[in-house]
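**Q** If you want the building blocks of each chain, they are given just below.
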Amino acid sequence: MKPIKPSILIALSLVALSVYLFATAPPPLVQAKAADASISIEVAFKIVAAENDYARELYTREIVGEGKKHGLKFDEHWQDQDLIAAPLPAQFLRETSRALEQDPVPLGLFLGSDYSINSANNFEKEFLEMFAGVRENQQPIMFYVNDAQRYAYLAPDVAVVDPCVKCHNEHKDSPKVDWEIGDVMGATTWTYPNGEITHSELLRIITALRNAFSSAYQTSLNELSTLENPPVIGDKWPREGYYLPSLSEFERVLGAAASSDTLSLLLKTHAVEAENGGTL
Amino acid sequence: MQDAALINRRHLGIIVGVVAGVTLLIVLMLPSSLPWHAPGVMLPGHEALECRECHIEVEGSLRQQLQAQAQYLIGNREHPVNIGHTPVSNADCLACHRRANDNHPVFRFFEPRYKDAREKLAPHRCISCHLEHQGQRVTSTQNFCQQCHGRLEIRNDPIDIPHKQLVADERWESCLGCHDYHGNHQRKAQTQMDQRITPTLIDGYFINGKSPYGENMHYKAKESRYDEAH
Chain A
290 MKPIKPSILI ALSLVALSVY LFATAPPPLV QAKAADASIS IEVAFKIVAA
340 ENDYARELYT REIVGEGKKH GLKFDEHWQD QDLIAAPLPA QFLRETSRAL
390 EQDPVPLGLF LGSDYSINSA NNFEKEFLEM FAGVRENQQP IMFYVNDAQR
440 YAYLAPDVAV VDPCVKCHNE HKDSPKVDWE IGDVMGATTW TYPNGEITHS
490 ELLRIITALR NAFSSAYQTS LNELSTLENP PVIGDKWPRE GYYLPSLSEF
540 ERVLGAAASS DTLSLLLKTH AVEAENGGTL
Chain B
222 MQDAALINRR HLGIIVGVVA GVTLLIVLML PSSLPWHAPG VMLPGHEALE
272 CRECHIEVEG SLRQQLQAQA QYLIGNREHP VNIGHTPVSN ADCLACHRRA
322 NDNHPVFRFF EPRYKDAREK LAPHRCISCH LEHQGQRVTS TQNFCQQCHG
372 RLEIRNDPID IPHKQLVADE RWESCLGCHD YHGNHQRKAQ TQMDQRITPT
422 LIDGYFINGK SPYGENMHYK AKESRYDEAH
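Taken in order, these protein sequences are the chains called A and B. When we follow the working numbering, the leftmost residue of the first sequence carries the number 290, and every step to the right adds one. When we follow the working numbering, the leftmost residue of the second sequence carries the number 222, and every step to the right adds one.
One or more of the hints may lead you astray.
Unchecked claim - Here are some chain A residues the structure puts well away from chain B; computed CB gaps all over 12 Å: (1) S302; (2) P316; (3) K335; (4) R387; (5) G397; (6) G401; (7) N426; (8) N435; (9) D462; (10) E517; (11) A563.
Claimed, not checked - When the alpha-carbon atoms are kept at most 25 Å apart in a straight line, the in silico DMTMM-like pairs for lysine to aspartate or glutamate are as follows: (12) A:K461 to B:E449; (13) A:K335 to A:D462; (14) B:K336 to A:D392.
Rather than coming from a laboratory, the hints here were simulated on the basis of the structure. Glycine is no exception: its CB is placed at the ideal position from the N, C-alpha and C atoms.
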């Protein structure tokens with residue numbers, strides 16, 4: 290028997306490989322499509338930054354500020370085993386951030402400053418310059434982080450209530466002790482992997498953030514409910530005495546405060562899309 | 222005659238080789254042979270884990286995966302696909318090791334300002350310090366804290382040699398002598414420098430030794446990511 294020519298063997302192999310790779314005998318794997326990803330992520334960032342401002346103001350003024358007046362304890366070392374205390378506002382944001390990290394929605398949230406109590410949280414180099422611009426203009430900026438492949442949004446974190454400045458001015462490790470109401474004390478950084486998103490994705494982002502606020506507030510409730518004499522948890526707030534709002538009450542008030550702006554932005558997004566058929 | 226015998230032996234050799242090769246391939250593909258696929262020894266604590274704990278199978282058959290990748294290469298598909306298993310990521314580690322009190326959770330290092338740290342140390346990836354199949358618990362060095370804590374200042378410093386002095390003297394090898402990176406060990410940091418854990422003990426722990434930070438943990442890792450009760 291004559292040996293088969295190598296060229297024929299190669300040709301047959303290529304034919305077999307082509308059939309294997311391109312003949313759709315098994316159905317092809319489905320790929321996810323972003324059919325109507327037409328909303329700029331900046332819209333989402335504006336919404337979540339505004340929602341966060343409401344949440345932080347509510348927690349700082351009504352829970353921490355008023356709670357302290359009635360003996361409730363809040364401490365940056367709230368996780369220590371021998372201390373019963375709830376998170377301070379910065380730790381409330383950390384807990385929100387941690388809850389977001391566990392959510393399938395890939396929204397990131399971070400907090401930094403140039404006068405952080407923990408210097409490891411200080412902005413440096415180009416981020417310090419960016420923050421200086423945010424502080425001066427009191428306006429957020431958006432940029433892309435190449436190595437992390439994330440869109441980022443740096444939003445000013447303003448001292449809007451008295452407990453913000455009082456606590457930081459009196460903290461034993463604070464590098465700056467003359468904060469005033471209205472000062473940009475730091476900035477929140479928001480990150481997301483996609484530059485354009487769908488409507489449903491936008492709603493999922495907002496939902497993820499609100500769930501994260503709930504998780505963070507529940508952490509505070511869990512801590513303070515272990516006090517020997519715990520506050521009454523219900524529909525009353527510390528402003529009224531030794532009380533704490535339940536999770537649903539906290540969510541109700543936060544929702545009432547934040548939803549108007551969020552809805553306005555959502556409707557504006559929809560209106561621009563309907564008018565232009567393009568990206569907001 | 223001699224040529225015919227040579228050709229026959231050659232054919233026999235080819236047949237034996239093909240049969241042996243196919244047999245070996247089949248044996249290696251058996252579920253019981255999975256441990257043989259590991260490129261190295263598991264890190265301490267992972268010895269009993271099955272491959273599927275970290276290596277998640279991609280959907281579809283091998284042929285579907287290869288076809289999808291071929292479509293991507295010729296521009297008919299928007300995104301590439303993984304072949305066989307998804308790349309091991311932080312999510313696979315956190316499936317068992319997620320905890321609330323992590324002092325250095327990996328996700329924090331995705332913050333934009335940690336760009337330099339990501340470039341030099343990759344702290345945003347679990348495997349940058351805990352590379353599997355090396356037989357070691359920790360595969361990084363002890364000297365990395367300066368990347369983020371190079372300007373550390375503590376106003377009411379509780380220790381006998383101030384942190385500012387340690388930073389000035391670049392005593393970065395001393396950090397882990399008092400501080401547990403993830404904070405999962407139930408302990409308080411020492412306040413006397415001469416009571417710190419030695420780098421040698423820490424090196425031993427990094428390999429597979431006993432924990433010099435104590436055995437009591439705040440959170441215990443799950444036995445399996447498929448374990449619902451924890």
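**Q** Against this structure, judge whether each hint is valid.
**A** Structure-based check of each hint:
A cut-off of 12 Å between C-beta atoms confirms that S302 of chain A is not in contact with chain B; the least separation is 15 Å. Non-interface call for P316 of chain A relative to chain B: violated, since the shortest CB-CB distance, roughly 8 Å, does not exceed 12 Å. At roughly 18 Å from the closest C-beta of chain B, the C-beta of K335 of chain A stays outside 12 Å, upholding its exclusion from the interface. The Cβ of R387 of chain A does not lie farther than 12 Å from every Cβ of chain B; its closest approach is about 7 Å, which violates its non-interface assignment.
Annotated as non-interface, G397 of chain A brings its C-beta within 12 Å of a C-beta of chain B; the closest such distance is 6 Å. The Cβ of G401 of chain A does not lie farther than 12 Å from every Cβ of chain B; its closest approach is about 6 Å, which violates its non-interface assignment. Here N426 of chain A stays apart from chain B, with its beta-carbon at least about 19 Å from theirs, past the 12 Å limit. The non-interface label for N435 of chain A is inconsistent with chain B: the shortest C-beta to C-beta separation is roughly 9 Å, within 12 Å.
With a cut of 12 Å on Cβ distances, D462 of chain A falls inside the contact zone with chain B, its closest approach being about 5 Å. Distance check on E517 of chain A: its Cβ is at least 23 Å (rounded) from any Cβ of chain B, clearing the 12 Å threshold; non-interface status holds. The claim that A563 of chain A is not at the interface with chain B holds, since no C-beta of that chain comes within 12 Å of its own (minimum 27 Å). Under the criterion of a C-alpha separation no larger than 25 Å, the hint pairing K461 of chain A with E449 of chain B is inconsistent with the structure, at around 44 Å.
Distance hint between K335 of chain A and D462 of chain A is unfulfilled; the C-alpha atoms sit about 32 Å from each other, more than 25 Å. With a C-alpha separation of about 24 Å, the suggested pair K336 of chain B and D392 of chain A falls inside the 25 Å cut-off, and the hint holds.
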